[in-house]
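Chains A and B supply the protein sequences, listed in that same order. Residue 18 in my numbering sits at position 18 of the first sequence, and the numbers go up by one each step. Take any residue in the second sequence, note its place counting from 1, add 1000, and you have its number in my numbering.
By construction, these hints were calculated from the structure, which means they are not laboratory data. In this text the structure is predicted, and so the values were computed from the model without any measurement. Where hints are given, some of them may not hold.
Straight line, CA to CA, 20 Å or less: simulated SDA-like cross-link-like pairs of lysine to any residue [unchecked claim]:
#	chain 1	residue 1	chain 2	residue 2
1	B	K1228	A	G42
2	A	K87	B	L1002
3	A	K26	A	S68
4	B	K1010	A	I86
5	B	K1228	A	F74
6	A	K60	B	P1020
7	A	K50	A	F33
8	B	K1010	A	F34
9	A	K51	B	E1006
10	B	K1228	B	T1250
11	B	K1018	A	F33
12	A	K24	A	A46
13	B	K1047	B	H1072
14	A	K39	B	L1002
15	A	K87	B	E1006
16	A	K51	A	F33
17	B	K1010	B	D1048
18	B	K1228	A	A46
19	B	K1248	B	F1160
20	B	K1010	A	F33
21	B	K1047	B	R1004
22	B	K1228	A	K87
Computed beta-carbon distance windows for the label pairs [what the hints assert, rightly or not]:
#	chain 1	residue 1	chain 2	residue 2	range
23	B	M1194	A	C72	21 to 29 Å
24	A	Y62	B	E1091	18 to 26 Å
25	A	D57	B	E1091	48 to 56 Å
26	A	Q27	B	H1075	44 to 52 Å
27	A	E64	B	D1049	39 to 47 Å
28	A	H90	B	A1238	27 to 35 Å
29	B	K1258	A	R89	40 to 48 Å
30	A	Q27	B	A1238	36 to 44 Å
31	B	I1007	A	E64	27 to 35 Å
32	A	K87	B	F1144	32 to 40 Å
33	A	D57	B	P1143	35 to 43 Å
34	B	I1007	A	Q27	14 to 22 Å
35	B	M1240	A	D57	44 to 52 Å
36	A	Y62	B	E1003	13 to 21 Å
We treat Cβ as the ideally placed atom computed from N, Cα and C, and that holds for glycine.
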Amino acid sequence: MTNNDIHATAESELPASAPKSTKKEKQLYTVTFFYNWCKSCGLCSAFCTKKIILKDDTGKPYIEDMDSCTGCRFCEIHCPDFAITIKNRHPVRRSTDGDR
Amino acid sequence: MLERAEIIRKEYLRHDKKFPHVWCPGCGNGIVMGALLRGIHGLQLSKDDIVLTSGIGCSGRMPTYIDFNTIHTTHGRALTFSTGIKLAKPELTVIAVMGDGDATAIGGNHFIHAARRNINLTAIIINNSTYGMTGGQYSPTTPFGSKSTTSVYGHVEHAFSIAELAVTAGASFVARGTVYHAVHLEEIIQQAIMTRGFSVVEVISNCHVQHGRRNKLGGAVEMITSYKENAVMIGKAAKMSPEELEGKFTIGILANVKKPVSSEQYQRVIAEARQNAEKIASEKETNGVKRYEE
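Just chain B, with the same shape it has in the complex (with noise of 0.2 Å):
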């Protein structure tokens, strides 16, 4: 019997792609991947019914790799370009895997607008605080006061929160997860693939290699520990104080709320809409008839 890793790597990889892939040693992103592919191996979903989207950036990379129905879009339109895919085969489980830059700066209007919509899709947000692929330039992420390429003195504006974003532009399931915490990011990676509407997953990773060497926050475990140190559960961050929240982050499921899904609507208006159509046109006829017999 093959064990699930050894399952994970043979189905669901497309081997004559280049392997090992092209993330840097000890990236974030394969962590968020594998967890992804156990995710829909845990919902038993057949990989022909399963689309995944990604704009640009090093997120961008990961359809590349896996065996879906995939394709590779421009700068900040994964969204866009799933939201035709879910209107025109609204049978298909569409994922979209986005970078932070790419979700918030680049496609941060079809992201506010996708979840103000609500249409039935999973986002998968890799936040690692910075553009890695392009230089380590500071992104709508970037803490305040950090330093990157484009911030040499350290950043003056403030960051974005993706998640409370999300929430407040009506998404239907927001969630946050870490790297470190990636049996968590499972379940809910999962738990954003059932639910019905625009679900968000956040998911807070490293890049030791721009973000973590310009703001010597150490390499990629000295990274990923301070997420374990600093990462808090909601339920847990409720009781706590503001003082000792201090520097923290909250995971878990921000929200989870049940409203119309803007797809479905669609296909009902659709419906409606040639039924209209087809009266109008039988009226015509039967118009066309009398006239005729006139």
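The following block holds chain A by itself, in its conformation from the complex (with noise of 0.2 Å):
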């Protein structure tokens, strides 16, 4: 009987933190460039479905508002000169002041 009272109170707790438990964070995802093969085609920026690749005075991509990124690897696999990698980020969990 225990057990069911601990599976009771458990329940019981659960209403109050669901709204955070049971919502998926969001999966954050890291664009690198790699410039030294970059021929800055264009074609990354062209096709990103969000629209976060940026280009700048030389046409070389770059991107300000990374947190955006659904990962969806277009511009991986798009790019022609392999100069493209996409990596799942954590998000930093506590300020950290530089340590890290």
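Each of the two chains sits in its own frame; use the hints to bring them together as a complex.
Below you can see the structure in the form of structure tokens.
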């Protein structure tokens, strides 16, 4: 019976914490450009589904709003020069004050 | 853990060759190369078991950059060299990368006869509708009426359809993809490699520097977007009317037939001929012995 009791208490406590725990955390990504191989063809910025890849004065791509990346990898597989890598990124959980 | 893109860059490319590669910015050859490498990585084939051959042209530069057993052959003869390699070492996976002019003009006869013989090879034909490396002359796949260095007033001849030619010539597996549909391309390349028999993958690619510029098709982005708009999957194309298909092309698997493979049949012939020769030799030996005894 003790098991049931624990179960019951766990369930009763659940609603308070439910909104946070059930909400799936958004997966973040890091897009890295390997500028030595990039030829500024503009395919990545033209076909980006979120339009977050911008071009600088020389045509090289850069991203300001990295959190908007959905990780579709369109730019990675369509880069003719093998210059884009996309990696999963974990959010920084506490302030580290540059100790990392 | 390394990402797939990093593994491909670190393990499959030859970093002692000059990178970035020679192809123009935005060229589809790089996308095809990426799809080929991802396909082979997905199949988990050993690098030592793969032979990559190429002819001459922009696509001919591809084996230079990839760390397989590679051979850069003469113009149009990628398939003949591949046939030789396959017959000598049947256990290897042989892939030939060719351009449209390389495969259908200079090596046109080799191409149709490789398809007729049904040798266990994979041919990846990058079709950019022009001879890009030599300055934009018209090729067998240049569309009717389009301009090139050698057809300034519009091309007067009609174009080949490489995939349909391969189907008619008797290839086991024929598929067509574009550089826009890179994931689909990766899948059909994987299927082509796994198919026993001659498998052809035609890839519609962009040459915005020669073909696109002369015909005002725009840059790399505009040309690749046009493939997105004009490519129709073959299943969907069957339900569409000829009017709707005007100016469009089909992609997907056009043929997948099981047939006896000539390179395997050739091994059988070798084995039978050897047995026969041994039998004749042993008969001669016994006859000789008999005569000696008499």
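Status of each hint after checking the structure:
1. For a cut-off of 20 Å, the pair hint linking K1228(B) to G42(A) stands: about 17 Å separates their Cα positions.
2. Restraint check for K87(A) and L1002(B): the C-alpha separation of about 9 Å stays at or below 20 Å, so the hint holds.
3. The straight-line distance between the Cα atoms of K26(A) and S68(A) is roughly 10 Å, inside the 20 Å bound, and the hint therefore holds.
4. Among the hinted pairs, K1010(B) with I86(A) is consistent with the structure: their alpha-carbon atoms are about 15 Å apart, no more than 20 Å.
5. A distance of roughly 13 Å separates the Cα atoms of K1228(B) and F74(A); the hinted pair therefore holds under the 20 Å criterion.
6. For the proposed pair K60(A) and P1020(B), the alpha carbon gap of about 14 Å is at most 20 Å, so the pair holds.
7. Restraint check: the Cα-Cα separation between K50(A) and F33(A) comes to about 17 Å, which is no more than 20 Å; the hinted pair holds.
8. A threshold of 20 Å between alpha carbons decides the hint, and for K1010(B) with F34(A) the separation of about 13 Å falls inside it, so the pair holds.
9. With a C-alpha separation of about 24 Å, the suggested pairing of K51(A) with E1006(B) is violated against the 20 Å cut-off.
10. Proximity of K1228(B) to T1250(B) is assessed by CA-CA distance (about 11 Å); at most 20 Å being required, the pair is judged to hold.
11. This hinted pair checks out: K1018(B) and F33(A) have alpha carbons roughly 19 Å apart, not beyond 20 Å.
12. A hinted pair counts as satisfied when its Cα atoms are at most 20 Å apart, and K24(A) with A46(A) does not qualify at roughly 30 Å.
13. Between K1047(B) and H1072(B), the direct Cα distance comes to roughly 17 Å. Compliance with the 20 Å bound is thereby established for this hinted pair.
14. About 24 Å separates the Cα atoms of K39(A) and L1002(B), which puts this hinted pair outside 20 Å; it is violated.
15. For the suggested pair K87(A) and E1006(B), the alpha carbons sit about 10 Å apart, so the restraint of at most 20 Å is met.
16. For the given pair, K51(A) sits about 16 Å from F33(A) by alpha-carbon distance, which is consistent with the 20 Å threshold.
17. A hinted pair counts as satisfied when its Cα atoms are at most 20 Å apart, and K1010(B) with D1048(B) qualifies at roughly 16 Å.
18. With a CA separation close to 13 Å, the supplied pair K1228(B) and A46(A) stays within the 20 Å bound.
19. Note on K1248(B) and F1160(B): the hinted pairing holds, with a Cα-Cα distance of about 15 Å set against a maximum of 20 Å.
20. Annotation: proposed proximity of K1010(B) to F33(A) holds, straight-line Cα distance about 15 Å (limit 20 Å).
21. Between K1047(B) and R1004(B), the direct Cα distance comes to roughly 16 Å. Compliance with the 20 Å bound is thereby established for this hinted pair.
22. A threshold of 20 Å between alpha carbons decides the hint, and for K1228(B) with K87(A) the separation of about 27 Å lies outside it, so the pair is violated.
23. A beta carbon spacing of about 27 Å between M1194(B) and C72(A) agrees with the range 21 to 29 Å that was offered as a hint.
24. Separation of Y62(A) from E1091(B) is about 47 Å and departs from the stated range, judged on CB atoms against 18 to 26 Å.
25. Checking the proposed 48 to 56 Å range against D57(A) and E1091(B) shows it holds: the Cβ atoms sit about 53 Å from each other.
26. In this structure the supplied range 44 to 52 Å holds for Q27(A) paired with H1075(B), their Cβ-Cβ distance being about 49 Å.
27. A hinted range of 39 to 47 Å holds for the C-beta pair E64(A) and D1049(B), which are about 45 Å apart.
28. A hinted range of 27 to 35 Å is violated for the C-beta pair H90(A) and A1238(B), which are about 47 Å apart.
29. For K1258(B) paired with R89(A), a C-beta distance near 47 Å keeps the hint of 40 to 48 Å intact.
30. Here the CB-CB span from Q27(A) to A1238(B) is close to 39 Å, well matched to the stated 36 to 44 Å.
31. For I1007(B) and E64(A), the Cβ-Cβ distance of about 29 Å falls inside the hinted range of 27 to 35 Å, so the restraint holds.
32. Take K87(A) and F1144(B): their Cβ atoms lie about 47 Å apart, and the range 32 to 40 Å is violated.
33. For the pair D57(A) and P1143(B), the beta carbons lie near 37 Å from each other, so the given range of 35 to 43 Å is met.
34. Between I1007(B) and Q27(A) the beta carbons are some 21 Å apart, a value that agrees with the proposed interval 14 to 22 Å.
35. Distance hint check for M1240(B) and D57(A): the Cβ-Cβ separation is about 45 Å, which falls inside the suggested range of 44 to 52 Å.
36. Distance hint for Y62(A) and E1003(B): a CB-CB separation of about 20 Å, consistent with the stated range 13 to 21 Å.
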